[in-house]
Amino acid sequence: MKRKGKILRIFPKDTNTDEIIAGKYKYDELDLEKLAVHTFKSIDPSFYADASKAKNPLIVAATNFGCGSSREQAPQVLKTCGISCIIAESFAHIFYRNCFNIGLPLIECKDMIKKVAQGDVVVVDFDLGVIRNITKKEEYCFKPIPRFMQELLEAGGIMPYLRSHGGYRD
Amino acid sequence: MDRTMAEKILSDKHGADVSTGDIVIVPVDFVFSHDGTMPLAIQQMEAGLSTRKVYDPYKVAGVCDHASPSPSEKASNVHIFMRKFAKENKMPYFFENGDGICHQIVVEKFAAPGKIIIGGDSHTCTHGALGAFATGMGSTDIAAIMAYGKTWLRVPESFKIEVTGTPPKHVYSKDVMLHIIGEITADGATHMSMEFLGDAVDAMSVESRLTMSNMAIEAGAVTGLCQADSKVRAFLESHKRGQDYRPLAPDKNATYADEIIVEAEQMEPMVAYPHRVDNVAPVTQFEGVDVDQVCIGSCTNGRMEDMRIAAQILKGKKVAENTRLVVYPASRDILIHAMEEEFIKTMAEAGAAICPPGCGFCIGRTVALGDGEVALSTQNRNFKGRMGNDNAEIYLCSPATAAVSAITGKITDPRDVVI
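In order, the protein sequences belong to chains A and B. Counting from 7, one number per residue, gives the positions in the first sequence under my numbering. Counting from -9, one number per residue, gives the positions in the second sequence under my numbering.
Hints were generated in silico from the structure; no laboratory data involved. What you are looking at is a predicted structure, and each value in this text was computed from that prediction instead of being measured. You may find that some hints are simply not true.
[To be verified] Covered stretches of chain B, as calculated for chain A (at least 3 residues, CB under 8 Å):
1) 297 to 310
2) 347 to 355
[Unchecked claim] Partial selection, computed: residues in chain B whose CB lies under 10 Å from chain A:
3) I15
4) F373
5) K374
The beta carbon of each residue, even a glycine, is placed where N, CA and C say it ideally should be.
Turn these sequences into a full structure, and let the hints guide you.
Spelled out as structure tokens, the structure:
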């Protein structure tokens, strides 16, 4: 599997789920399309508009991206905004599960954030564990995703995975 | 092989020895979610698995706690959606507006040593204080568990937190936990199980341990486990669930990925200052900061012990003129007991707004801060916008620091007050 896209934003360490989608919106609104308008509103008000215009946008982050609440609306709104992949130095564990469960791929890559810039075009090769930066003509390696998680992505998330297997395989 | 508490529970549930890094499929003993996460879980069940049927109605609970009592027409409609689902599944455990916060309800009625408890809320790690492997998940995970009664888990590495000695007066488990998070930072225990050990933890009440386990997620942990000892047994017996008790302790030579030793006698009252939980400093560093709203309650510090501490400090006193005090007991049981003990009367006489049990102030849903306001709260998170307003500041502290500061209207060290 490969994903090609442009880096839309680079976020600092410990970017939390309240920043991704504030609680004040999510308790009233079940429609993800309407909720997605508020993505990153408190820290990056133009995020939604910019993501809507971009083709296959990716986001990059420092350590512990997605920390905080278990709210799945956080990865859901990012997916709804069209984010095709998130590359961070590390992710918070609930956010990490949530993304794979909804088929949004995450890559943990240690040193990349220091080398890339917003607007760089990259190709993520999930099989080889390599991110090619087309703009800067550089390559960054990442640790392959565990087999079970790859199966989730290949299936399109945990729901299609469970449907096709008739439940969990013990 | 010597095992940590997390490895013991997961090996037992998996039916074979597991070690850190393994991805295992395990049965779930209890699953719950609330009005912030359950609606999406129901939608995911329906859309993803074409079913609305839960695997076992006695092992699934829904709780209306986050927007409760409902502040809006839309939130009320979300509650209707949840009620309908519970009713058609004949779920006996559906908790209404005012029943309390999901974690406290699960602590009182369901959590027990050795169980796997999954909740649609990040603070599900709370139940680790009773020796349950408990962790928060998102709505799709909850949907899959509601349908199949199983989930996948990566066996976590463990972080040994050894707390030793006796804390000085007016230093509580909240102060100890804030100190620990400040030390190891917001991602210090990411993907790990925090295991709270040492004579200071042994000496703590179960309620104090719950405060520590509740905040394990603030250091990134999957769960925050305490040993299941005689205090846990007594706690379960007091909730008429003595039969759920079984001992839990790590083996002597268990392998930990990391360890710290915290000397409780060196501790002092702490705060976490805006806008990060790991921005931790002694209360003395922020003494004198004007406070618009003081909040006592939440799933972190809304239990009887916390109500007692606050009421003792507030007895015969008045909340400062320019400050509001809101009190949210964590459950209906706690509200009733705190009424019986007259803690509620004392706090109301001091000028507190007593609110129905729920998450109201912590997530700014039924009580929100105004522009430029400063809050001092016993909750677990001080992220920007957390209490409903991006232009407000939140400090976290213990119930004692909160109660004393409500009287002075400024952040105040509880050790300055003689009770």
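Taking the numbered hints from earlier one at a time, note which ones the structure violates and give those numbers from smallest to largest. Violated hint: only 1; rest satisfied.
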